[in-house]
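Peer 1: Sequence:
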Amino acid sequence: MSTLQKVTFAATAVLALVAGYQYYQYYVETSPAIPFSELPSQVQTEFRSKMKEGNDFWVFFENEQQPDAALGAVELYGKAYALHPRNREAVAALKKAADALLALPNLDEKTRQAVAKDLQNKSAFYEKYAPVVDAVRE
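Heads up: the sequence shown is residues 340 to 477, going by my numbering.
You may find that some hints are simply not true.
[Unchecked claim] Ranges of calculated distance between the beta carbons of each label pair, as one might list FRET restraints:
no.	residue 1	residue 2	range
1	L354	E448	36 to 44 Å
2	A350	S388	48 to 56 Å
3	A442	R387	25 to 33 Å
4	A463	T347	39 to 47 Å
5	K345	A421	50 to 58 Å
6	P406	A372	31 to 39 Å
7	M340	K435	48 to 56 Å
8	P371	Q452	24 to 32 Å
9	N394	E448	12 to 20 Å
No wet-lab data here; the hints were simulated from the structure.
Backbone N, C-alpha and C fix where the C-beta goes; we use that ideal spot for every residue, glycine too.
Make a model of the complete structure from these sequences and hints.
Peer 2: Quick look at the structure:
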């Protein structure tokens with residue numbers, strides 16, 4: 340094996356380790372501090388209830404295209420997220436809702452910005468969610 344091949348192999352190994360470590364750090368940062376199963380049963384029940392109610396509002400939004408229904412879903416998803424921060428189910432629901440609301444047709448820049456600010460008021464998650472943060476800055 341030539342020196343070039345050894346150096347290439349070593350560099351590849353180092354990059355793989357760095358990438359693995361960065362993925363692990365990302366995974367830890369985006370995972371709940373407490374596993375769902377370790378939450379008190381009352382909190383688990385309340386979380387599930389908020390997510391189910393939010394999903395009901397979301398289905399209505401998808402069927403009727405009523406933005407108020409989507410905002411209702413956001414409020415409930417935000418309450419669920421507050422009960423179990425960084426919960427992957429709540430995060431996915433909050434992202435889906437924000438993306439849909441910010442993509443509504445006929446939103447001018449000021450209205451889009453107002454929607455984004457309203458989202459940030461409904462859930463702490465949106466304070467760092469890039470599409471919402473970007474829309475607030477527009």
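Peer 1: Decide, hint by hint, whether the structure agrees.
Peer 2: Status of each hint after checking the structure:
1. The beta-carbon spacing between L354 and E448, approximately 41 Å, falls within the hinted interval of 36 to 44 Å.
2. Checked against the hint of 48 to 56 Å, the C-beta distance between A350 and S388 comes to roughly 52 Å, which is consistent with it.
3. Hint check: A442 to R387, Cβ distance near 28 Å, so the stated range 25 to 33 Å holds.
4. Hint check: A463 to T347, Cβ distance near 45 Å, so the stated range 39 to 47 Å holds.
5. A hinted range of 50 to 58 Å for the beta carbons of K345 and A421 is consistent with their spacing of about 53 Å.
6. The given range of 31 to 39 Å is respected by P406 and A372, whose C-beta atoms sit roughly 33 Å from each other.
7. Range check, M340 to K435: Cβ separation about 50 Å, and the 48 to 56 Å hint holds.
8. For P371 and Q452, the Cβ-Cβ distance of about 30 Å falls inside the hinted range of 24 to 32 Å, so the restraint holds.
9. Our hint of 12 to 20 Å for N394 and E448 is violated, since their Cβ atoms are close to 31 Å apart.
When held up to the earlier numbered hints, the structure conflicts with hint 9 and nothing else.
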